[in-house]
Amino acid sequence: MTETFSSAGPVIVVAIPAAGAMLVALSGRWPNVRDAWSTIAALAMLAAVVAMLPGVLDGRIPQATLIELTPGIDVTLRADAAGMIFALLASGLWVVAGVYAVGYMRGGNEHKQTRFFAAFALSLAAAAGVALAGNLLTFVLFYELLSLFTYPLVTHRQTEEAIVAGRKYLTYTLSGGVLLIGGTAWIAILGIDASFTAGGFLRNASLSTGTAWALFALLIAGVGVKSAVMPLHSWLPSAMVAPTPVSALLHAVAVVKAGVFGMIRMLAFVFGADMLNDMGAWQVIAAFAAVTLVAGSLLAIRHDNLKRRLAYSTISHLSYIVLGVAIVGPIALTGALLHLVGHGVTKITLFFVAGAIHTRTHRENVSELDGIGRQMPITMGAFTLASLSMAGIPPFVLFTSKFYLGWGAAEVEKQIFLVLYLVSGVLSAAYLFPIVVRAFWRTSDAFTRFGEADIRMVVPLVITGVLALAWGLVPNVPFSFFDLATDVSSAAFPDSVSVAGAR
Amino acid sequence: MIDEVAARFPFWMSGLLIAIGLYGMIGKRSLLKKLVGMNIFQSAIILFFIAGSIREDATVPILLEAGHGVAAANPADFVNPLPHVLMLTAIVVSVAITGVALAFLVRIHHEFGTTDEVSLLEQVRR
Amino acid sequence: MLLLLARWRWWLAFPVVLVAVAASTAAASWELVVVLQEGTQVYRLGSWAPSIGIEYVVDLLSAFVAVIVTSVSMLVIIATRRIAEREAGDRLGAFYGLVLLLLAGLTGMVVTGDLFNLFVFLEISSLAAYALVFQGGRPAMLAGYRYLILGSIGGSFYLLGVGFLYFTTGTLNMADTAAALALDASARSVQAGAIFIFVGLGLKMALVPLHLWLPDAYTHAPSSVNSLIAPVMTKVGAYAMMRMFISVFPDGYLTNVVPIADALLLLGLIAIVFGAIVAVAQRDIRRMLAYSSIGQIGLIAVGIGLATPLSFVAAQLHLMNHAVMKATLFLSAASVRLSTGLTDVSDLTGMGRRMPGTMAAFTLGAIAMVGIPPTAGFFSKWYLVQAGVESGQWVVVAVVLASSLLSAVYLFRVLEHIYLRPAQPDAAHAPVVIPQGGSNDEPADAGESPADVIAPALLLGAATIVLGILNSWIVINVLDRAGL
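The listed protein sequences derive, respectively, from chains A, B and C.
All letters in the first sequence, in the order written, are residues 1 to 503 by the working numbering.
All letters in the second sequence, in the order written, are residues 1001 to 1126 by the working numbering.
All letters in the third sequence, in the order written, are residues 2001 to 2484 by the working numbering.
Careful: at least some of the hints might be erroneous.
Unchecked claim - Quick list of simulated restraints, FRET-style, between CB atoms: (1) C:W2394 with A:I416: 20 to 30 Å; (2) B:V1079 with C:A2455: 57 to 67 Å; (3) B:V1106 with C:D2452: 52 to 62 Å; (4) A:G72 with C:W2394: 18 to 28 Å; (5) B:Q1123 with C:R2353: 43 to 53 Å; (6) A:P71 with B:V1079: 23 to 33 Å; (7) A:G28 with B:D1116: 55 to 65 Å; (8) A:P71 with B:L1088: 44 to 54 Å; (9) C:V2257 with B:V1060: 34 to 44 Å; (10) A:P71 with B:H1109: 52 to 62 Å; (11) B:A1103 with C:V2034: 14 to 24 Å; (12) A:G191 with C:V2034: 29 to 39 Å; (13) B:A1103 with A:T159: 49 to 59 Å; (14) B:V1106 with C:W2030: 53 to 63 Å.
If you are wondering where the hints come from, they were derived from the structure by calculation, not from laboratory data.
Every residue, glycine too, gets a C-beta built ideally from N, C-alpha and C.
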């Protein structure tokens, strides 16, 4: 059983990137100092999160209660197992993404770097807030701030295309936010305590069917936008107009994972397995997720622009996670959480590579990449690792997660989804392997000499690529992701006999 | 029915004047006529109040004989003086507004050469 | 006295005004504290007992609104000092005299406990407003005249309504009227009175469809004037409506007997949508903000129209929040106009670089208007949504939520221009257009406005966040006890 204790830890985690943002903004005139602040903040944030890890694994959950934001509801930050998973992922990837971003921005001589890095930091602060939010209102608060702080990043290039993409981005995310606000306000006025509870806090609220479904629609659609579940997904491909570090951030760390994390919170901590089963609501989400899963992969195959292909791949893989939770089973939930981490680290590798290629060769389309393995073997090597992971090949991390997802589906007698997972895995291979093949097995006059991108970009992508392999082999090193995931599942399904690998 | 109307004749008048005033303010093009309409409108309201202060067989609310205690005077013999007092204030307000409006009109005429709403609108839009 | 002083040494005008407004703010704040601790304060004019004499009643709601009006006005007056000097020129004394008159009227409306007295103060403030609006040059003249005509209709209707009530109850005192109506409110004249009162107040509040005077007035008035009027004037009209609900008419009368509440609700919903949609189409910033205000007033009207304690809390909170947010936005626009003479949204392209302080204030105001937590605007909508759920009025919930998105459309479009689009190189040399009255002919200053213009704007912008964070305290300690 877990016990909660009062601690400043969660607040520190959110405060560090916010403070970092301020320091970045102030040191704009000295780029080296500024980028140093950015990196220091990332490391400090990671350290702060890791510091809480042993306690959480032991079952001692740090919680911080800040001000009372509306009568009866406080801003609460709590580092439970699920929150820790997301927080670890976010802070850890920020470290590498931050270094990568410096390389990218300087290599491409991008403008307004101070604004960029400050917004970057603020977005991480908001993401941390989303991860560690202890109740619905706190969650909504940081969720909306996340939309706000990522906007300058999406529109960074300030081209007409960027502005239009930014509008689309805001339209989608603010609309989703508004739905969330509606649902949250409604729950509050009903007098229900909206603290996230494993198993769902609405379970005991005795809601009428109509109210339950209405809240379901509001909350799920609200997080569904950032989770890029079809048909709420089309902001994501448009957002590819942003600089690649932003796409890496959006796709691996901050926004979409916040969306999917929100979905997990809603399904497992707000409604809970029992309600979802009783209402039959899980079928609704499962249906949307299943469609998105397959359609996303199919669309990915069609696109020649590398980043766009990766965007649709993300749309598809996010629904792996959504589906995993919608299936309502402990093993599937473990798989979903692992997939959250695994996809994060894998996808970020792919985006890092795309950015490195663009900076070095100014090429964006797959068809232009024949033989690039000759010039950038390290980069493409990482790409290969990540592709193998995306396809779910053992022993990469996304194999592990998919294994649990499939097993989880079988466990609750919903084998159809197991089939879907396998199909999508094949499709993932279909849109990624050809790139690898073209890069190494074809030749072209454009790429004959060795010429990797800036080292600040190459090192991070190698790290993440290796992690995609390593975390498949030893998912508990060093952040105990696996244990955390099973902790969440045990808490969400207390009566379940088998939560594989649980301690 | 005629009795009804006759008994409340001042109120009906007031209503009629309100209607005329409103029409003037909204329907007329000339700014000056609008102002006249506004005056009619405000006068109508003043009429309303005064009419409401009337009592049957009552007289002007002034105590003529000094020295006879106020308590001895029967209020029912006098018209309700309060609305009269209120209307003094209202008239002052009305005068002030009219004054300001006239000042506006003078300036408008000085600046634009006309006080016709339609041509003013044209000139401003240009 | 101010006028005479000003004629003698014109530079004295501002300090006198400042002292007056500051004292006013201090008094209002003090009063709020007193009322919080000791309950409603009552003062009898000339020591006449009520129902013969005029009584001033300051309860929590009055004190609350008074503090808002005075403090926001103080900041605006400080910020627009230079603008006023430029716009009013040698008539500065008269200008500030009118400003003080306006404030006197507004605060008087807020503290009075007498229906007729409210009319008097209403007309005082309106008169001052008409004259102030008129100062804005050629286009303002017609706008000011129209404002005068329409505003007078409003005031007169209110007076007519009061007349109906008086003749039925025999008293002008609000409390006594309430007592009389509680006993017997069956007369038709009371219904008529209610309708006229609310039509009159609705016109002063610029509730759709009685809003026609507002767009032109706010657009063409001098910058020092619209920054002052926009945040506070319509709010006091809304306050008067609330006062009618709380202290004059019996509970349930305005909902069940005469469907005033429903009318307010419906018109409010229409106003929200209408205001936001038309705002999108505007090129001139001030006009856009004017229509935005019409929409926001709709939000307050919805809060009043739902007529529950929670919805009133929402309406009162939004009264405060909107005053602060709109003041921030109008001051930003005024700052731009001061520095460059430009007023179109498209002229703001690239301003983020040239006028960072002003644009920061604008951004804060914009974010608050959209309602992103934890700004104040979010919480107004939060409580309104809750009130809608509580009353089962789902349309309200949907429209209020949608209003965030609609506001985002027209406000973020401006933000795009400010930060994302490249600056136009010729804008710095655009001719300065300042209404007559100003005697300086300096060339346009293409940089940031001076600190005393930006600082209040930024302060108000910061207030939108602070008030948001503190909203729980405000609701619990002030509004919950001030309500229906």
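A quick look at each hint next to the structure:
1. At roughly 36 Å, the beta-carbon separation of C:W2394 and A:I416 lies outside the given 20 to 30 Å, and the hint is violated.
2. Hint check: B:V1079 to C:A2455, Cβ distance near 59 Å, so the stated range 57 to 67 Å holds.
3. Roughly 36 Å separates the CB atoms of B:V1106 and C:D2452, a value that falls outside the hinted 52 to 62 Å.
4. The hinted range of 18 to 28 Å is satisfied by A:G72 and C:W2394, whose Cβ atoms lie roughly 23 Å apart.
5. Evaluation of the 43 to 53 Å hint for B:Q1123 and C:R2353 yields a failure: the beta carbon distance comes to about 38 Å.
6. Evaluation of the 23 to 33 Å hint for A:P71 and B:V1079 yields a failure: the beta carbon distance comes to about 54 Å.
7. The hinted window of 55 to 65 Å between A:G28 and B:D1116 holds, with their beta carbons roughly 58 Å apart.
8. In this structure the supplied range 44 to 54 Å holds for A:P71 paired with B:L1088, their Cβ-Cβ distance being about 49 Å.
9. The beta-carbon spacing between C:V2257 and B:V1060, approximately 38 Å, falls within the hinted interval of 34 to 44 Å.
10. Between A:P71 and B:H1109, the C-beta spacing of about 58 Å keeps the proposed range 52 to 62 Å intact.
11. Range check, B:A1103 to C:V2034: about 41 Å between beta-carbon atoms, so the 14 to 24 Å window is missed.
12. Look at A:G191 against C:V2034: about 34 Å separates their beta carbons, and that is inside 29 to 39 Å.
13. Between B:A1103 and A:T159 the CB atoms are about 54 Å apart, so this pair conforms to the stated range of 49 to 59 Å.
14. Here the CB-CB span from B:V1106 to C:W2030 is close to 44 Å, at odds with the stated 53 to 63 Å.
In terms of the numbered hints stated before, the structure departs from hints 1, 3, 5, 6, 11, 14, listed from lowest to highest.
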